[in-house]
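With chain Y's structure known, arrange chain F on it following the hints.
2 protein chains.
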Amino acid sequence: MTYCVAIAVKAGIIFCSDSRTNAGVDQISTYSKMSHFGRDGERQIVMLSAGNLATTQAVINQIKNDINEHAKYNLLTISSLDQASEYVGKISVAQQEKYGKDSIYEASFIIGGQIAGSPHQIMMIYPQGNFITSSVDTPYLQIGESKYGKPILDRIIDPDVELNTAALCALVSMDSTMRSNLTVGPPIEVMVYETDSQLLNHRYRLEQNSNYLHDLNHAWDERLKAAFSSLPPIQWAEISYHDQVNDEFQNQPNN
Amino acid sequence: MTYCVAIAVKAGIIFCSDSRTNAGVDQISTYSKMSHFGRDGERQIVMLSAGNLATTQAVINQIKNDINEHAKYNLLTISSLDQASEYVGKISVAQQEKYGKDSIYEASFIIGGQIAGSPHQIMMIYPQGNFITSSVDTPYLQIGESKYGKPILDRIIDPDVELNTAALCALVSMDSTMRSNLTVGPPIEVMVYETDSQLLNHRYRLEQNSNYLHDLNHAWDERLKAAFSSLPPIQWAEISYHDQVNDEFQNQPNN
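So the protein sequences, as listed, match chains Y and F. The first sequence begins at 79 in our numbering and counts up one residue at a time. The second sequence begins at 79 in our numbering and counts up one residue at a time.
Here chain Y stands alone, though its shape is the one from the complex (with noise of 0.2 Å):
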């Protein structure tokens, strides 16, 4: 399994993945789910893919020899992240279909960026190969093993929140994943990119023995406990007393 997030606001854009991969608990094998491709000062699209691994590798691969073969469509020409994602999800779909049609198969990936002169923007690829991009009300798009890690999204990001803070609650929503999914595990990747500076010059890597990783999933558990502590406890006089669904077998006779 995988987790993998994309959060675009004014500011910028945050990627994070983790980088378990796993087919069976006794496969459990490490590969970065992000990549890259750009030219600084003109163009910058990150990837991240998640679904059989196979598939997103041939993807990958696939799109490293576009460019090296300067082929007519490839990401380092390709004029609008709408374009570059009909063409990753061509190659996915084509790349699924190779060895019969199966869903085992299928792959989804996140691409985002900026490319000169238009917005910055992220898109994610469906296994079908349709993509959707975000919105004001939803600036985030994930991948994977998305439902543990979305509250926190859902309610901490909006369009306006600062670049740091955007990281920061990726990475809390990586950190709730985590714990509840062991299919989902580090080393945890993050790429910082700033509006307008056509430049991906914030990438971090933290490893499995991270003390920032240690320490977030610490502080975090720690407030989390205090935030539910510090809760009114229920006044159960105030909540409505409920004595009429199902009833009728309560005290019956003996039989």
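Quick caveat, the hints were computed from the structure, so don't treat them as lab data. Keep in mind the model is a prediction, meaning the values are calculated, not measured. Do not rely on the hints blindly, as some may be mistaken.
Below are the DSS-like pairs computed for lysine-lysine, each with C-alpha atoms no more than 30 Å apart in a straight line [said to hold, decoys possible]:
| id | chain 1 | residue 1 | chain 2 | residue 2 |
| --- | --- | --- | --- | --- |
| 1 | F | Lys303 | Y | Lys179 |
| 2 | Y | Lys303 | F | Lys303 |
| 3 | F | Lys88 | Y | Lys88 |
| 4 | Y | Lys303 | F | Lys88 |
Just chain F now, kept in the frame of chain Y:
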């Protein structure tokens, strides 16, 4: 969709369920997912249900009929919660297979309570009819849309927490689920069973317009946001800079 959770601690059991049923977004209805069967002072069994509504209703009807008709096995005569789970599992499988084997007919159940002389217990019955119980390490069971509400249970619940704390945690878990999944919704039903009481006289129902539900939602949102803002800001300098992976396409010459 549905979300039901049962928490078994030393002091007793908390049962909590939503009441939203949907078959497509324009077919949303309200059905209680909580039933109970028992004789005060002798046994109390609470049942939570998730899955195909026709199946769960048929299972509950069969259980009621068996009681009315004094069937050899029924929930008011059966001697253990293990046997009760096996009995419910068999009925569930029979009902699912009645209309052809298809996963759309699947249903899951949680049953829990206490039969005098035996310890209180909770069990989860899979669509296949087999079942598990909770443990000291995992003192809760969930059915339906379980992921959004799992992290808070993992952090707060252990066998020594008080019943009111467990109830509050169940409601916070429900709140996170409702926020992230529109197909889980009020009325929220809560049943509190106190160990060795053999009574079910703490039943509560929180309606859509419940002030308590609204206040809890607001209080938890506020406290989670405060917990997040109190986290130490990211110190990027403490995190190792990462510049090795997939870097070959940075700053390629134009083609």
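Evaluation of the provided hints:
1. F:Lys303 - Y:Lys179: Distance of about 45 Å is beyond 30 Å: violated.
2. Y:Lys303 - F:Lys303: holds (13 Å)
3. F:Lys88 - Y:Lys88: violated (50 Å)
4. Y:Lys303 - F:Lys88: Judged against 30 Å, a Cα distance of about 20 Å means the pair holds.
Checked against the numbered hints above, the structure violates hints 1, 3; every other hint is satisfied.
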